[in-house]
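Engineer: The chain contents come next:
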Amino acid sequence: MLNTIRLLVQCQNKQYVLEQIRCASQVLPQLSAEKYNVKRKDFATVQSSDVNFFKTILGNERVLTDDNDVTPFNIDWIKNCRGQSKVVLKPKSTQEVSQILSYCNEKKLAVCPQGGNTGLVGGSVPVFDEVVLNLMLMNNIVSLDEISGALICEAGCVLENVDNYVRERNLIMPLDLGAKGTCQVGGNVSTNAGGLRLLRYGNLHGSILGVEAVKADGIIIDCLKTLKKDNTGYHLKHLFIGSEGTLGVVTKVAIHCPVLPKAVTVGFFGVENFENILQLYKSAKSSLGEILSAFEMADRDAISSTVKNLNLPNPISDYPFYVLVETHGSDEGHDGEKLNRFLSKEMESGLILDGTVTSEPGKMQTIWNLRENIAGAGLRHGYVFKYDVSLPQKHYYELVPKIKQRLGDKAIVVCGYGHIGDGNIHINVTVPEYTREVAGLLEPYVFEEVSALQGSISAEHGVGFRKPHYIHYSKDRSALQLMHQLKTLMDPNGILNPYKVLPEEC
Amino acid sequence: MSRVLVGVKRVIDYAVKIRVKPDKSGVVTEGVKHSMNPFDEIAVEEAVRMKEKKLASEVVAVSCGPAQAQETLRTALAMGADRAIHVEVAGAEYETLQPIHVAKILAKLSQDEKADIVIVGKQAIDDDSNQTAQMTAAILDWPQGTFASKVEKSDGGLTVTREIDGGLEVIKTKVPAVISADLRLNEPRYATLPNIMKAKKKPLKKITAKDLGIDLAPRIKVVSVEDPPVRQAGSVLPDVDTLVAKLKEGGHV
Ligand SMILES: Cc1cc2nc3c(=O)[nH]c(=O)nc-3n(C[C@H](O)[C@H](O)[C@H](O)COP(=O)(O)OP(=O)(O)OC[C@H]3O[C@@H](n4cnc5c(N)ncnc54)[C@H](O)[C@@H]3O)c2cc1C
Ligand SMILES: Cc1cc2nc3c(=O)[nH]c(=O)nc-3n(C[C@H](O)[C@H](O)[C@H](O)COP(=O)(O)OP(=O)(O)OC[C@H]3O[C@@H](n4cnc5c(N)ncnc54)[C@H](O)[C@@H]3O)c2cc1C
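So the protein lines, in turn, are chains C and A.
In terms of the numbering used here, the first sequence opens at residue 1 and continues consecutively.
In terms of the numbering used here, the second sequence opens at residue 1001 and continues consecutively.
Just chain C, same shape as in the assembly (with noise of 0.2 Å):
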């Protein structure tokens, strides 16, 4: 019960907060090491005199030793990887995250850097005893340009409370995930998080401006520049973006971030199949071309299954599946017009079976929430696998189907939702526990039916704890190669989350 207040006190986002305690109060998952048999590398183990050493830099408090206090932080937001840590440390200063990562380097210490511990494919928590680095007290707000919207942050800053930062100074982050209430901006960049606007913003190599990361020696790289235009040299930063932890931890960021467009329009449709998806898509891009910030879709189990678990509203009724459609523009009458053209013109061709459009913030989010939801709704049932891909437009709905035919009565639930724009679907199993068995017939099926396609194994949740394995499915041998000599480079005892993102051999 006390265990369970202290994740209250620490998150910002009630949703989560729920999963979380049941993480914590729930049996705990199987560790990770032992569900999947990985062997420990040779790290030294953490002594008493490493953890004294630690409190004379951090003092007592930030410190956590006690297996209750560490618990939550060796266990991922699906409850599906337990690592076996017994320190975590949280640093408050790039200068205090040197010493650390100084220190560690020397006596072979692994450490596995930590946000918001939101990741999806086991990266954020340790899989035998690594140290954890929590940046979540690494969170203020340096800086921000109103002119040219360059802001500057600490790693640890909560992606929604920077967020609120910005709206109130007429700027947005150009990133908005479903778990914004507690990932970190350290976390985004490490992760290259893609997100719900990735269509109108662009990628994090795009608007990230500059990082501040320390390498795993302790040295501090310095590449914070606010600068759109930055041509001396190697472009460091993007070594960072993505890397998940494994070359360097992110200290501080600089992004840019795009105005607070002035009107903002929802609307979410019913479709009769995908290929009117397709249809529509085409029809949205051409019709209403700069506005138009996001495209996703969901099928009708994804967003059945999430009014029913979570008992939210559906604020349309039952169709095959769904279309969310977001302008973001400066000028409510030109966005309406062009908006109502669109929709005339699909509701009559019909493209869209039904729906509702609405500019009202408090509407606006209810279907947002909706949508948001749905990667945590199968929680409540049991054990999800979660899949992220990216595929040809043309082919982005194929796999749904064909996994639902291949688990037939052993899955409770297989459901398709996503980034159209992007052409990144994400695919949810929900079983009632997770056994061999279903693992077995889902992997490497799916990735294997992703490389057929051309498609990415991991479209925007990386390749962390689980996918190592499997990243030869996406990546050419000679990429590899080059990745692990960057990585014996930056990290040479490879002390920074091993076990993570690099397959053991190539």
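Hints are supplied without guarantee of correctness; some may be wrong.
Stated by the list, open to error - A partial selection of chain C residues facing chain A, derived with a Cβ cut-off under 7 Å:
| no. | residue |
| --- | --- |
| 1 | Asp69 |
| 2 | Gly210 |
| 3 | Asp318 |
| 4 | Leu353 |
| 5 | Glu360 |
| 6 | Pro361 |
| 7 | Gly362 |
| 8 | Gln365 |
| 9 | Ser478 |
Read the hints as simulated data drawn from the structure, not as lab findings.
Just so it is clear, CB atoms sit at the ideal spot from N, CA and C, and this is done for glycine as well.
Using the hints, position chain A with the ligands against chain C.
Structural biologist: The following block gives chain A with the ligands in isolation, referenced to the frame of chain C:
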């Protein structure tokens, strides 16, 4: 069958952060997103359901306010109201428009339109006055069923379940009557696309308070509008022991 008149007010959307004007004369409304008062949405929904159940023959939505009040009326029409009346009140007059004025307008319109039931929200989320239904009933000398969580037709009148402190009260009223909608009366629908399109073509009549012979001189003067006290920021505590210590310190355990 009866005619239902529904009052709908345009208010700042509940999801928007409210800012008080620097001179404390009110809140900033310019450039701020507005929507239909949530309790009025419930009122519209109830009226539309009455019509769908063939308990009502026509639903007339009324809004008093500036030109943009027509957007709110269009929303009511999209939800299923048959026609709308916009009582234009703009500028300084709108800033001092008070429940007494709205009640007089609704009362007059109820008579002109021969309404049998008037439904309004129990309160508007901006001024929180909770007076319009009661005043309207008083002016008309009709019975009232306020804070309704259930409204049923019963032998010539209405049976209204009211939300009262700690429980429910069931009353019977004759018709004509005034009802105010509480939160649990129903879950208002989202207007569907075809209905949003149709709403654009439904009749919307514009009149002024003067046309109705109603004097809008303010009866109440707002002295000052203040922000609520800032809640103390929460803090993240490192461990359970510190939390327990803090709770003890604050006398919570
Ligand atoms: C409900 C829900 C919806 C989601 N929706 C999306 C979505 O739409 N798009 C998307 O891309 N992802 C999504 N995710 C996945 C996840 O939220 C993102 O990957 C997010 O960016 C992770 O941030 P975090 O702070 O929680 O990082 P964590 O989960 O703590 O860590 C993720 C990885 O980054 C590393 N890391 C974290 N912080 C740092 C740091 N400061 N320095 C170095 N390494 C670090 C960790 O070691 C780990 O490998 C979703 C997750 C949930 C639970
Ligand atoms: C009139 C004019 C206007 C210009 N305007 C702009 C402008 O607005 N913005 C801007 O950024 N630049 C501008 N430039 C500079 C220049 O045109 C750009 O830098 C352009 O991208 C260079 O392309 P290039 O093929 O001519 O490369 P080159 O001049 O041949 O080479 C440039 C560099 O790239 C290397 N390189 C070339 N090809 C390859 C390759 N295939 N693989 C590896 N290395 C390679 C070369 O070794 C060299 O270091 C302008 C130049 C001129 C003359």
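Engineer: Now tell me, hint by hint, if it's right for this structure.
Structural biologist: Hint by hint, here is what the structure shows:
1. Asp69: holds (5 Å)
2. Gly210: Violated, because the Cβ-Cβ distance from C/Gly210 to chain A comes to roughly 27 Å (cut-off 7 Å).
3. Asp318: violated (13 Å)
4. Leu353: violated (9 Å)
5. Glu360: OK, holds: C/Glu360 within 7 Å of chain A, min 4 Å.
6. Pro361: Holds, because the Cβ-Cβ distance from C/Pro361 to chain A comes to roughly 4 Å (cut-off 7 Å).
7. Gly362: holds (4 Å)
8. Gln365: The hint holds - C/Gln365 has a Cβ within 7 Å of chain A, the shortest such distance being about 5 Å.
9. Ser478: Not OK, violated: C/Ser478 not within 7 Å of chain A, min 45 Å.
When held up to the earlier numbered hints, the structure conflicts with 2, 3, 4 and 9 and fits the remainder.
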